[in-house]
Amino acid sequence: MRTGAPATGSRGIGPENPPPVLNGERRTRPFTSTRQQADSSWPPFHAMLTRVDVLEQAPVFFTLPDSTIRKLARRVRQIMISAGGAIIYQGERGDTIFLIASGSCRVIIERPPNAVTVAVLGPGDLFGEAACVLGRDHQASVIAQTECRLIALDWQTLSSVVSRDSGFLEELRRLAHQRYRTFADTAVQATWGMLLDEATVVGLYSPKGGSGGTCLALNLVGCLSRRHPGQVVLVDLDFPYSHAALLAGLIPTSCLARMASTPPETFEESLLSTILYHAGGPMILPGALRPEESDGVTPDLIARAISVLRKTFRYVVVDLGIAIDDATLAVLDLTQHVIVVAAPELSAVKSAADAIDILHKLGTPDDRLTIVLNNRSAKAAVVKAAVERTLKRSVDVEVAFDGAKPDEAALTGTILSLTDPRSEITRGAHALADILERKHGNGARRPLQIDAAPSAAVADDC
Amino acid sequence: MLTRVVNIRPLEPTRLAIRRAVIRRHLRKVAAGKSQFLNFELKDREIDTSLLLLEMIKPLDPDSDPFRRFASAMRRSGADNAVIDGLASRESIVRARSARIAGAMRMEQLVPWITPLLWSREPTVRSSAARALATIGGVRSADALLIAIQRLGPRPSLILALARAAPDLYLEGVLGGSESRGEEPAVAMAAGLRGRRVATAALILQVRSGSRWARIASCRALGWLGAPAGVLELTLALANRDWRVRMSAVKALGAIPAYRPGPQLQACLTDRNPRVQRSARDALRRLGRR
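Chains A and B, in that order, give the protein sequences. Numbered as in the numbering used here, the first sequence ends at 462 without a single skipped number. Numbered as in the numbering used here, the second sequence ends at 290 without a single skipped number.
One or more hints might be untrue.
What follows is a set of in silico ranges between Cβ atoms, one per label pair, in the way DEER data are often shown [said to hold, decoys possible]:
no., chain 1, residue 1, chain 2, residue 2, range
1, A, HIS46, B, PRO228, 36 to 44 Å
2, A, LYS379, B, LEU60, 54 to 62 Å
3, A, GLU170, B, ASP85, 34 to 42 Å
4, A, ALA400, B, GLN36, 52 to 60 Å
5, A, ASP137, B, ARG9, 50 to 58 Å
Over 12 Å on every C-beta distance to chain B, these chain A residues come out as not near it, computed from the model [unchecked claim]:
no., residue
6, TYR241
7, HIS243
8, ILE251
9, SER351
10, ASP357
11, ARG376
12, ALA378
13, LYS379
14, ALA381
15, LYS384
Source of the hints: derived by calculation from the structure; they are not laboratory data. Backbone N, C-alpha and C define an ideal beta-carbon position, used for all residues, glycine too.
Generate coordinates for the entire structure from the input sequences, incorporating the hints supplied.
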């Protein structure tokens, strides 16, 4: 079942599900003196190891120092939830962050008469953070999809262990805001029928590092998403260091590489719940959070991911980085358009010429290939005419030098095409978007394709 | 006593009022960040300085800057040590005041010191300790309150404090646990008072297979939650042999807005116990009004 489909059957939210049970570490202690009882909560060694492991995997928590993680691990609770058990209910208040140690949970937003699954969370993920750190009511209900082992961390424990001035809580609040917006947007899309069919896949390839490929990809996505809000996604395959989320000021919680072991029946939901939502509209799917994870992104995984994304978005922009490996070739096979970014430097232009040759050999037609000359310095080492001579074709878009704006935007986590219309990067991104729209944008929104029952329900709702 | 003091020293009430005003003004300066120390003793014998401090702290959000300023001023001026000393004081009024300050300042590290005050002989100390733990909240506080319930029985103040202190899924975990130590009725009531729907499953389990008192408490708690999912179990409980369980189930069904009265509830109008009959009449009247 993909995002947007309702929770079906009676095995969803409901009290028919068995209640949660603590793992017994706390509750089975013999009653001794009061003071010892209240404060002698050292968990067994192996439980402690598991808890530390879960906390270290969780987004934002891994930034905490070891001593703080150990303190937290000593004081969290471990809870077992059987499959189908409700963990939190939408609209209620909450004071606890739940981290998934094992199993998977379904995040459901109820918009009567439908219930929309907005995410499927797996080990290492967390939920309940918005209610806990922002003081909001729970935005969604969460039920255990399989038997789950959770680590529960209440606000009191968190605030007493983590220093309020450490910046960690601020980071956690940012993550909570970000996910709140993501889930809300996904729910709106699913409910109001904005899910589309068969997107245009655009590969953005820069044969030399430092040519500004990621910056341009991000701004292109920003530009397209202003035209088609919520329908453009950037897949960051610029390995081994994927920085698109960082440049957009987002905190990745999962990535494509971690989807490799996801079972086929939940792949779509898990993938869509991995996507990060930027406040300005664009969405980002991180390829890998750590350099070593990039090996997990296989051509098969990319093909599966893109087939899912094509059904859901209008444009899928893939930042390909510099390497031509199996993953890049797999993407190039699936793209309808390729953008090659070159800086006006000798080595970059030479590499771009080689890349264009390879693309021609791979069968990319000329009209589906766009060359961008990105001026990264005030005075170009190689003039445009020389670049065109070397590439044996004209440059389609030239991005003028934009001063320190791209670097400043990266520091503040903003996307220039969303915030600064006068920026040269914005102009370049607009020019690229115009080309894409001219060649691939048909302007017609394709009909919603979700299950018959919810469609009817949505129609009723409208 | 005040009359006697006034007779001896007629300006004494005015002097005390002026002192209180001075302390309040100083506390406002601390809140505004203009002073970094508390310039008074918490164990002042003339005026209740802790009350003045609580007046200022209570409306503050624990994440707000003024609250943090108070916390740091207390640390700087050694008032937090005075609070710890106060919790072990021989004077009950000092213990109660210290517990109130510890609670208002969310001094979570003092939970082990507040816990023994829950079974103090003085009701003021007990109640201050329970309220302090309720305000502090978290697993440690909930653990302490649960221990107090085991020792002292299901007292309303402890149940209320437990409902406020327990973090998410704490009470549900206790109700769903394999071990029974007799605290289930109190925990069930706390879960009902807490008002989280996630407790419904655990309460239904207690109605189905709990002890007599656990069933009674769980039925009422399901009513407080107003959970339609509990209707089936509550309807079955109407046929229980124990009239208290029947009465509790009747009251709970009367409190569930989605419940449509069926023949089982109508039959309770002719129950052999008059209190069940009266409850059934009340429930039907209440449901009829909706």
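Each hint tested on the structure:
1. A hinted range of 36 to 44 Å holds for the C-beta pair HIS46 of chain A and PRO228 of chain B, which are about 42 Å apart.
2. Judged by the Cβ atoms, the range 54 to 62 Å given for LYS379 of chain A and LEU60 of chain B holds: they are separated by roughly 58 Å.
3. For the pair GLU170 of chain A and ASP85 of chain B, the beta carbons lie near 35 Å from each other, so the given range of 34 to 42 Å is met.
4. With their beta carbons about 54 Å apart, ALA400 of chain A and GLN36 of chain B fall inside the hinted range of 52 to 60 Å.
5. Take ASP137 of chain A and ARG9 of chain B: their Cβ atoms lie about 56 Å apart, and the range 50 to 58 Å holds.
6. The beta carbon of TYR241 of chain A is kept farther than 12 Å from every beta carbon of chain B, the shortest such distance being approximately 35 Å.
7. No beta-carbon of chain B comes within 12 Å of the beta-carbon of HIS243 of chain A; the shortest separation is about 32 Å.
8. Interface exclusion of ILE251 of chain A from chain B stands, the closest Cβ pair being 21 Å apart, more than 12 Å.
9. A cut-off of 12 Å between C-beta atoms confirms that SER351 of chain A is not in contact with chain B; the least separation is 52 Å.
10. For ASP357 of chain A, the requirement that its beta carbon stay farther than 12 Å from each beta carbon of chain B is met, with the minimum near 60 Å.
11. The claim that ARG376 of chain A lies off the interface holds: its Cβ sits roughly 43 Å from the closest Cβ of chain B, which is beyond the 12 Å cut-off.
12. Interface exclusion of ALA378 of chain A from chain B stands, the closest Cβ pair being 45 Å apart, more than 12 Å.
13. No beta-carbon of chain B is positioned within 12 Å of the beta-carbon of LYS379 of chain A; the least distance is around 50 Å.
14. The claim that ALA381 of chain A is not at the interface with chain B holds, since no C-beta of that chain comes within 12 Å of its own (minimum 53 Å).
15. Every beta carbon of chain B lies more than 12 Å from that of LYS384 of chain A, the smallest distance being close to 55 Å; the non-interface claim holds.
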